[in-house]
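Single-letter residue listing:
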Amino acid sequence: AAMLVPVGVLRLPRGPEGSSRGFNPASPRFQALLGEQMTAQGVQANLRQRYLRALGAARGHPTRFYLRAGVQVDAVFGAADVDAVAFQVDALRTPLGVQAAALLRYTDVLAYTFLL
Amino acid sequence: MNDWQRKSPLDWETYVNKMVKVGAIEKHEYEGWVLTVDPVSASIVLATFLENEKVSISIVLGHAVQEVEILKEGDDEMKQRLSCIFAPEESKAYSPEELEKRKNNLKTWLETNHIPVTEQGESGRTLCVAGVLTIDPPYGPEECSSSNEIILSRVQGLIQGYLEKQE
Chain A
1 AAMLVPVGVL RLPRGPEGSS RGFNPASPRF QALLGEQMTA QGVQANLRQR YLRALGAARG
61 HPTRFYLRAG VQVDAVFGAA DVDAVAFQVD ALRTPLGVQA AALLRYTDVL AYTFLL
Chain B
1 MNDWQRKSPL DWETYVNKMV KVGAIEKHEY EGWVLTVDPV SASIVLATFL ENEKVSISIV
61 LGHAVQEVEI LKEGDDEMKQ RLSCIFAPEE SKAYSPEELE KRKNNLKTWL ETNHIPVTEQ
121 GESGRTLCVA GVLTIDPPYG PEECSSSNEI ILSRVQGLIQ GYLEKQE
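Just so you know, the sequences run in chain order A and B. Heads up: the first sequence begins at 1 in full-length UniProt numbering, then just goes up one per residue. Heads up: the second sequence begins at 1 in full-length UniProt numbering, then just goes up one per residue.
Heads up, some of the hints might be wrong.
Simulated coverage check for chain A against chain B, where a stretch passes if three residues somewhere in it have a Cβ under 8 angstroms from a Cβ of chain B [stated by the list, open to error]:
{"no.": "1", "stretch": "26 to 34"}
{"no.": "2", "stretch": "40 to 49"}
{"no.": "3", "stretch": "52 to 60"}
{"no.": "4", "stretch": "68 to 78"}
Estimated spans, in silico, between C-beta atoms of each pair [stated by the list, open to error]:
{"no.": "5", "chain 1": "B", "residue 1": "Gly-23", "chain 2": "A", "residue 2": "Gln-49", "range": "23 to 33 angstroms"}
{"no.": "6", "chain 1": "B", "residue 1": "Ile-150", "chain 2": "A", "residue 2": "Leu-67", "range": "46 to 56 angstroms"}
{"no.": "7", "chain 1": "B", "residue 1": "Gly-23", "chain 2": "A", "residue 2": "Val-71", "range": "15 to 25 angstroms"}
{"no.": "8", "chain 1": "A", "residue 1": "Gln-72", "chain 2": "B", "residue 2": "Glu-53", "range": "20 to 30 angstroms"}
{"no.": "9", "chain 1": "A", "residue 1": "Ala-45", "chain 2": "B", "residue 2": "Arg-6", "range": "34 to 44 angstroms"}
{"no.": "10", "chain 1": "A", "residue 1": "Gln-72", "chain 2": "B", "residue 2": "Thr-112", "range": "23 to 33 angstroms"}
Source of the hints: derived by calculation from the structure; they are not laboratory data. Here a beta-carbon is modelled for each residue, glycine too, at the ideal position from N, C-alpha and C.
Excised from the complex, chain A in its bound form (with noise of 0.2 angstroms):
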């Protein structure tokens, strides 16, 4: 049989480059593909951060909760779940006296606001 002569090992197309293994999350050809994904991955994150620190900032203080059908409430903020299903309010002020803790539905609110 004849000899097997070796041959260069030709790559082609030209791999990415530096020592990963292909997948590299910069270049071109992941970012005309998936890029705009992890940006808004990347966004979504930003604000959801800033949504949980302003629910942060609200705990303790005074809180005005606007109801349907034009009734309002003061009560001083607990916390917010993380399914946006419910507040948890304490000294919620009703006519028929305070109670000391209480939950709203997320449902049943359409604003609240209080001050820093």
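Start from chain A and add chain B according to the hints.
Here is chain B on its own, set in the frame of chain A:
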């Protein structure tokens, strides 16, 4: 789900740092500077600066939003003012120049110790260590975040030692 809630995060972002008028259901109206829009509930966080140096924060829940009208764009000074409202307490003790210096000193020290670190986030204010841990201003052990407990405690220890040597 209404039209406002259906928008994308990139759409919502276009309202940030702008003065807007929000029309909500039941004829409610709110005006103020947009601090952020919560991507989960599409709630709009508005800030109004009062005369006595106090800030009034109003949050209009996403499900109640009917329309949002942009009234004015915020200039750089306003953007800076808005981003400071909820800044973590500690940052307020340092000036922007001091924070920049602390960041650069820490970054250089980490690099000298062969720890990969990059800058990311708004104006590069956050340090990212090995792609898995972030450090926010003012760059102390308490400002480290990571989903990996082991790396977190190691880096916190390193930074603690570094800061003690500084003093």
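Status of the hints after comparison with the structure:
{"no.": "1", "hint": "26 to 34", "in the structure": "violated (count 0)"}
{"no.": "2", "hint": "40 to 49", "in the structure": "holds (count 6)"}
{"no.": "3", "hint": "52 to 60", "in the structure": "holds (count 5)"}
{"no.": "4", "hint": "68 to 78", "in the structure": "holds (count 3)"}
{"no.": "5", "hint": "B/Gly-23 with A/Gln-49: 23 to 33 angstroms", "in the structure": "holds (27 angstroms)"}
{"no.": "6", "hint": "B/Ile-150 with A/Leu-67: 46 to 56 angstroms", "in the structure": "holds (47 angstroms)"}
{"no.": "7", "hint": "B/Gly-23 with A/Val-71: 15 to 25 angstroms", "in the structure": "holds (19 angstroms)"}
{"no.": "8", "hint": "A/Gln-72 with B/Glu-53: 20 to 30 angstroms", "in the structure": "holds (26 angstroms)"}
{"no.": "9", "hint": "A/Ala-45 with B/Arg-6: 34 to 44 angstroms", "in the structure": "violated (20 angstroms)"}
{"no.": "10", "hint": "A/Gln-72 with B/Thr-112: 23 to 33 angstroms", "in the structure": "violated (58 angstroms)"}
Figure legend: structure checked against the earlier numbered hints; hints not met, in rising order: 1, 9, 10.
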